[in-house]
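Visitor: Could you put the whole structure together from the sequences, leaning on the hints where they help?
Mapping of the sequence shown onto our numbering: position 357 corresponds to residue 357, and the numbering continues sequentially without gaps.
Please keep in mind that the hints were generated in silico from the structure rather than gathered at the bench. Think of the CB as a built atom: it goes at the ideal place given N, C-alpha and C, for glycine as much as any other residue. Careful: at least some of the hints might be erroneous.
[Unchecked claim] Derived DSSO-like pairs: lysine-lysine, alpha-carbon spacing no greater than 27 angstroms straight-line: (1) Lys76 x Lys99; (2) Lys218 x Lys371; (3) Lys184 x Lys148; (4) Lys353 x Lys239; (5) Lys101 x Lys39.
[Said to hold, decoys possible] Derived Cβ-Cβ restraints for the label pairs, each shown as a range: (6) Thr90 x Asp283: 51 to 59 angstroms; (7) Lys306 x Lys134: 32 to 40 angstroms; (8) Arg208 x Leu319: 47 to 55 angstroms; (9) Thr389 x Lys169: 22 to 30 angstroms; (10) Lys98 x Glu124: 28 to 36 angstroms; (11) Arg118 x His302: 45 to 53 angstroms; (12) Asp283 x Asp155: 33 to 41 angstroms.
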Amino acid sequence: MASVKVVRKANKVDEFGKAPLYLRIIKDRKAKFIALSIKVLEEEWDEKTQQVVKIKGLKGREMRLKVQRYNKAIFKKRSDAEDVALDLETTSKYVAPKKIKEAIMGKSSESFLKYAHRYINSLEKAGKIGTWDKARTVISKLETYLGKKDLLFDDVTVSFLKRYETYLKEDLGNSVNTVYSNIKIIKKLFSDAVTEDVISIEKNPFLRHKLKTEKTTKEYLTEEDLQAIDALLLKSGSKKHHRRNMYIFCCWAGGIRISDVLQLQWLNFDGEKITLTMHKTGDVVSIKLPTRAIQILEEYKHPNTKSTDYIFPFLRNDLDYSDPKVLYKAIQTASNHANKSLKHIAKEAGIDKKLTFHTSRHTFATRALRKGMRIEYVSKLLGHTSVKTTQIYAKVVNEELDKAMDVFN
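Guide: Here is the structure:
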């Protein structure tokens with residue numbers, strides 16, 4: 001049975017001779033303390049009755065009222081603590097003093113790490129393997145930082161987040177934006193926990209902690225760059241040749257993501273348009289292809305081609321990709337190899353830009369806006385959920401126009 005007592009900590013005396021009062025919880029000869037935010041002189045405190053007996057400098061009614069107020073608060077804190085301890089010990093075989101202290105202080109008994117792992121498991125079951133892999137990596141980093149310790153929701157304070165961000169930057173060498181993407185997942189879990197009534201909104205540290213990001217330059221190809229890559233003489237049938245074709249196709253075909261172009265099958269193409277379900281969002285999009293995009297696809301059409309065959313030769317037609325993890329791994333492998341090839345392709349074309357497949361999306365968006373396509377249409381083709389996301393490309397085009405006007409200076 002835990003014992004709860006109010007004690008004056010004489011080893012914490014301040015310059016005025018006052019020492020703070022604490023709730024002391026003892027269980028199996030182990031003690032935990034909780035501050036009561038009351039300080040008293042030694043002569044003002046009766047250790048036996050655990051009461052304030054007087055207030056130095058006060059007399060009569062004023063002193064009696066203050067003594068009563070203090071003792072009422074002390075009695076309530078001690079009584080509430082005893083009730084909490086009794087409830088915990090009644091419902092559990094063994095309760096550590098730390099758990100009793102946390103319960104008295106209103107700490108959530110919910111483990112943040114356990115909640116995070118439930119979220120990760122739900123992503124895996126839902127087949128959202130990309131998000132699952134990212135969340136799993138973020139929580140694994142956090143667990144490495146913690147060692148073998150558990151992490152309660154109440155342990156994640158603003159100061160904890162600042163210390164962890166410093167660890168990510170200084171110890172792991174993560175960039176500001178990598179830190180942002182890591183902490184953003186922790187923020188999402190807190191938001192979900194509030195929505196699900198796992199914790200109260202007041203316990204969300206992100207109400208007081210702002211995440212920091214750095215602006216990055218969005219690389220994209222000019223018309224000259226695009227023509228230079230398209231005109232490269234590459235060995236026909238080589239992987240580099242196919243990756244160049246696939247990249248150029250994406251630049252023309254609505255800037256579709258590499259995860260989507262890799263999965264394109266002939267059944268998605270009707271001779272004029274491609275219709276597909278976007279891998280990332282699950283949205284269905286139909287894109288009428290420009291002539292150059294159709295020409296690229298026609299290079300891959302053969303008399304014995306089946307409707308279920310993949311158009312670009314990076315996913316195997318004889319393999320079953322119904323397992324989301326198998327598909328995810330195949331896409332990741334193909335994407336990594338494609339991005340490495342693009343570095344060599346850019347160099348061969350004399351382009352001093354860091355190209356990845358994602359730059360095909362930037363290229364399509366800036367080209368479309370320059371040619372007068374309405375921003376809402378560009379946004380829809382890119383699969384953006386909000387036009388605000390697309391507006392950054394409009395800003396890039398406007399900056400180009402501003403520079404063009406400098407010819408008059």
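Visitor: Does each hint hold? Answer for all of them.
Guide: For each hint, the structure was consulted:
1. Lys76 x Lys99: holds, 20 angstroms
2. Lys218 x Lys371: holds, 19 angstroms
3. Lys184 x Lys148: holds, 23 angstroms
4. Lys353 x Lys239: holds, 21 angstroms
5. Lys101 x Lys39: holds, 21 angstroms
6. Thr90 x Asp283: 51 to 59 angstroms: holds, 53 angstroms
7. Lys306 x Lys134: 32 to 40 angstroms: holds, 34 angstroms
8. Arg208 x Leu319: 47 to 55 angstroms: holds, 50 angstroms
9. Thr389 x Lys169: 22 to 30 angstroms: holds, 27 angstroms
10. Lys98 x Glu124: 28 to 36 angstroms: Given about 32 angstroms between the Cβ atoms, the range holds.
11. Arg118 x His302: 45 to 53 angstroms: Roughly 48 angstroms apart at Cβ, these two residues keep to the hinted range, so it holds.
12. Asp283 x Asp155: 33 to 41 angstroms: Hint holds: Cβ distance 38 angstroms, inside 33 to 41 angstroms.
Going down the numbered hints, you'll see the structure goes against none, and every one checks out.
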